Amino acid sequence: MMAAAGRALVLLALATTAHAETAPSAATGVEIRRTTDGIPHVRADNWRALGVGTGYVQAQDALCTLAEAFVTYEGRRAWFFGADLRPARNATFGRPKNIDLDFFFRAQADDAVLAQYREHNPPAFRELVEGYADGYNRYLADARQDRLDAADRACLKQAWVRDIDANDVYRRLYAAQIAAGYARFVTEIAIAKPSRAVAAAAAVNDGALRHRLAQSIGDQPGLGSNMFAFGREATGGEAVLFGNPHWFWGGPDRFYQMHLTIPGQLDVAGATFLGIPLVMIGFNEHVAWSHTVSAARRFGLFDLKLDPADPTRYQLDEGSEAMTSREVSVDVRDSAGKAQRLTRTFYRTRYGPVLDLGAHNPAFGWGAAHAFAVRDVNADNFRIFPNYFQWNQARSLDEFIAIQRREAALPWVNTVAIGRGDGRVWYGDVGAVPNAPDALRKSCATPLAAGFAQVDDWTPVLDGSRRACDWQVDPAAAQPGAIAASSLPWLLREDYVANMNDSYWLSNARQPLTGYPKLLGGESEALMLRGRLGHHMALDLLQAKLPADALSQRLMHDVLTPRSYSAELFKDEVLDQACALPQVRLDAAAQKAAGLQKIVRPARKVDIAKACATLRRWGNKADGDDRGVLLWEALWARLDSIPEAQRYGTPFSADAPLDTPLHLRAGKSIAARALAASVAEFASRGWPLDAALGTQRYVNSGGRRLPVFGGCASAGYFAVACNEDEGSLMGPDSHANSYMQVVRFGASGVQAHTMLAHGLDEAAVAGGRGAAPVERYARKEWLRFPFREEEIARDPELTRIVLPAR
9 MMAAAGRALV LLALATTAHA ETAPSAATGV EIRRTTDGIP HVRADNWRAL
59 GVGTGYVQAQ DALCTLAEAF VTYEGRRAWF FGADLRPARN ATFGRPKNID
109 LDFFFRAQAD DAVLAQYREH NPPAFRELVE GYADGYNRYL ADARQDRLDA
159 ADRACLKQAW VRDIDANDVY RRLYAAQIAA GYARFVTEIA IAKPSRAVAA
209 AAAVNDGALR HRLAQSIGDQ PGLGSNMFAF GREATGGEAV LFGNPHWFWG
259 GPDRFYQMHL TIPGQLDVAG ATFLGIPLVM IGFNEHVAWS HTVSAARRFG
309 LFDLKLDPAD PTRYQLDEGS EAMTSREVSV DVRDSAGKAQ RLTRTFYRTR
359 YGPVLDLGAH NPAFGWGAAH AFAVRDVNAD NFRIFPNYFQ WNQARSLDEF
409 IAIQRREAAL PWVNTVAIGR GDGRVWYGDV GAVPNAPDAL RKSCATPLAA
459 GFAQVDDWTP VLDGSRRACD WQVDPAAAQP GAIAASSLPW LLREDYVANM
509 NDSYWLSNAR QPLTGYPKLL GGESEALMLR GRLGHHMALD LLQAKLPADA
559 LSQRLMHDVL TPRSYSAELF KDEVLDQACA LPQVRLDAAA QKAAGLQKIV
609 RPARKVDIAK ACATLRRWGN KADGDDRGVL LWEALWARLD SIPEAQRYGT
659 PFSADAPLDT PLHLRAGKSI AARALAASVA EFASRGWPLD AALGTQRYVN
709 SGGRRLPVFG GCASAGYFAV ACNEDEGSLM GPDSHANSYM QVVRFGASGV
759 QAHTMLAHGL DEAAVAGGRG AAPVERYARK EWLRFPFREE EIARDPELTR
809 IVLPAR
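Heads up, this note's numbering is the position in the sequence shown plus 8, with the first residue counted as 1.
Hint data in this document are derived by calculation from the structure and do not stem from the laboratory. Bear in mind the structure is a predicted one, so any value in this text is a computation, not a measurement. Check before you lean on any hint, since a few could be wrong.
Pairs of lysine-lysine, DSS-like flavour, derived with a Cα cap of 27 Å [to be verified]:
{"id": "1", "residue 1": "526", "residue 2": "450"}
{"id": "2", "residue 1": "346", "residue 2": "105"}
{"id": "3", "residue 1": "676", "residue 2": "613"}
{"id": "4", "residue 1": "629", "residue 2": "553"}
{"id": "5", "residue 1": "165", "residue 2": "346"}
{"id": "6", "residue 1": "579", "residue 2": "526"}
{"id": "7", "residue 1": "165", "residue 2": "105"}
{"id": "8", "residue 1": "788", "residue 2": "553"}
{"id": "9", "residue 1": "788", "residue 2": "629"}
{"id": "10", "residue 1": "201", "residue 2": "105"}
{"id": "11", "residue 1": "629", "residue 2": "618"}
{"id": "12", "residue 1": "676", "residue 2": "618"}
{"id": "13", "residue 1": "676", "residue 2": "579"}
{"id": "14", "residue 1": "313", "residue 2": "450"}
{"id": "15", "residue 1": "201", "residue 2": "313"}
{"id": "16", "residue 1": "579", "residue 2": "618"}
{"id": "17", "residue 1": "629", "residue 2": "579"}
{"id": "18", "residue 1": "313", "residue 2": "526"}
{"id": "19", "residue 1": "579", "residue 2": "613"}
Per label pair, the in silico range of CB-to-CB distance [unchecked claim]:
{"id": "20", "residue 1": "483", "residue 2": "407", "range": "16 to 26 Å"}
{"id": "21", "residue 1": "350", "residue 2": "122", "range": "17 to 27 Å"}
{"id": "22", "residue 1": "343", "residue 2": "581", "range": "50 to 60 Å"}
{"id": "23", "residue 1": "464", "residue 2": "801", "range": "46 to 56 Å"}
{"id": "24", "residue 1": "173", "residue 2": "334", "range": "22 to 32 Å"}
{"id": "25", "residue 1": "404", "residue 2": "334", "range": "42 to 52 Å"}
{"id": "26", "residue 1": "653", "residue 2": "519", "range": "26 to 36 Å"}
Note that the Cβ used here is the ideal one computed from N, Cα and C, for glycine as well.
Working from the sequences, and respecting the hints, build out all of it.
Shown next, in the form of structure tokens:
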């Protein structure tokens, strides 16, 4: 309460003193109100003013994160942070070296891209962007003049913190636009250069590349989302929506919650990525929607047959074609701090830039005979933010769907949506997808394509020496080389739709979607454990036949119940196999394979009796005080590494997709050794076998240590809390439940409950201020979102400032 009171005084001072005038009305300026948990409600009378408010509040909460991000997108990281270092926080583009990021963004987010944004976005959106830059700059000026409580922003006086303009915001938009394409290969594009060397023969066995391409976005396993929508068959009337991205808790791509209003034109709330001035997941008075990361490939590779005399020319039908080249320069500082300019040459083909995958496998590098070019379907997709701009103002579910099908713009996500007064629910993986059908892939295959398929069978790899092998052009598509919206998967139903990052195929268990190209994510393939659990949860809620308000309450409970589905399915079988004897012998090889630091030779005997008892007592959930969950996760990680064909007695069946594969057949000796290795690991870490989850999985926020529930998706958790480095402390490097919403429409309009697990402030999960929403999440306490004016006015933590027009 003291912190809230202090902040209120600061804001009041800003509104009444810093501008040396009486606060103007919202009609002549920008009104910024903050409600419980610091949620900003920005109200203005035009688009530019709304952008000013949006830029201002985002800078208030995340100045240092945003400032560093703008340095990244401008391509100046090497100058400020060192060429060979990497970003401290993860993002959709991963964490490449600074110098490679600089060259990449200088080459890709260039003046031509900026011109495309100005050409393809409506004037009102351009005004919003220009206003955002102005609002960011106004906050920075206020902070530097000590007119704000910004003393703890360590970056404030750093040279890399600067004013921005609209170009900085457009470059930020482009980074999100290409996240599932070019940004998957930042280093490989940035270092590509011609070679006359013949690539050495190599087996196609690249685990790092396979691991990276297994994630549709970023390089962290489990990065994705859950979402449900329930229709009138479930509720007897209005629809209910749930959305929950499992996303970054820190860095430039984390979610920011806000409410934007222009009276008579716009009234929308939800979340967006930092640096983006409109809502990407959320609701207004008429529609609500959410997203999950799509399994579809948004890029493709082209196998170029190079001219033996010139590796910058490639064969094309009966002749050859020269690559285009362009020099890009980046300024760095040497060890003495002296400025130095580095220059690289970037090469492009008719398909897209050349990339060099040779560090993963020499056969995939730029050699004397072959090279790969990458084409990103979103590189020319400048419809994305106009799509969201229209969605923010949509007035019905039908209008929302029509916008999505007309624009076919979404870059790498699935969508579910509901509408007011409408008992139907919508699912669509409708967006920009390469038009590379299976027949084209077959007729245009090359030996390298067959080799790449062993690494990733979803990515289309086509013969770049034939014009006929380019992506097909459908006149009905929104852009050349993309699949027409009418040929993409969607469902409009009255029971439920759902997606948990599996493919479109099973977005409703009663109506599988079939007949689509493989690059869309595949069909009749096993779901992740999280997906299986999600569909069972949805079907249970569907069968409960609850009114919309009651279903919403039940849903809010169920999605935060941290069930370990791997334990529900397999724990008893594992213990029956592993616990036949109280002791297990681990030889040196087994100890090494278990990753134990201290290896005892020739062998050690491990007592597993207490472990067996602990796991049998554990209730298969991951709340802070649950004991046994940490031990199960260590054990499951070892069992999960067994190839699936050897792991299960009942294989996956497309006829029973929610219940197969089943019956773990690891065998007594394998299960016993895995448990013994887990016990030995706990001993080496000094952890009790029955340690409560909260002793190891927690976040520091506001000076307090808060237990965090849930776990990694690989263990079958619907409620995700995961660390890239497998450490205990959750924080800015984690990915987990982030912006969560449960939305329905009642007689008085939209009824929404929300959470922002990591909070609005960039320091909230790093021990700093802004802890209230983090504490709320740890308590599993949903916030009734104050959307209407009367709800905002009576919020107990309401503060208000007005930025005068200028």
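Taking the hints in turn, this is what the structure says about them:
no.: 1; hint: 526 x 450; verdict: holds (12 Å)
no.: 2; hint: 346 x 105; verdict: holds (20 Å)
no.: 3; hint: 676 x 613; verdict: holds (16 Å)
no.: 4; hint: 629 x 553; verdict: holds (26 Å)
no.: 5; hint: 165 x 346; verdict: holds (22 Å)
no.: 6; hint: 579 x 526; verdict: violated (34 Å)
no.: 7; hint: 165 x 105; verdict: holds (25 Å)
no.: 8; hint: 788 x 553; verdict: holds (24 Å)
no.: 9; hint: 788 x 629; verdict: holds (15 Å)
no.: 10; hint: 201 x 105; verdict: holds (17 Å)
no.: 11; hint: 629 x 618; verdict: holds (19 Å)
no.: 12; hint: 676 x 618; verdict: holds (18 Å)
no.: 13; hint: 676 x 579; verdict: holds (13 Å)
no.: 14; hint: 313 x 450; verdict: holds (18 Å)
no.: 15; hint: 201 x 313; verdict: holds (15 Å)
no.: 16; hint: 579 x 618; verdict: holds (15 Å)
no.: 17; hint: 629 x 579; verdict: holds (12 Å)
no.: 18; hint: 313 x 526; verdict: holds (25 Å)
no.: 19; hint: 579 x 613; verdict: holds (23 Å)
no.: 20; hint: 483 x 407: 16 to 26 Å; verdict: holds (25 Å)
no.: 21; hint: 350 x 122: 17 to 27 Å; verdict: holds (23 Å)
no.: 22; hint: 343 x 581: 50 to 60 Å; verdict: holds (59 Å)
no.: 23; hint: 464 x 801: 46 to 56 Å; verdict: holds (54 Å)
no.: 24; hint: 173 x 334: 22 to 32 Å; verdict: holds (24 Å)
no.: 25; hint: 404 x 334: 42 to 52 Å; verdict: holds (46 Å)
no.: 26; hint: 653 x 519: 26 to 36 Å; verdict: holds (29 Å)
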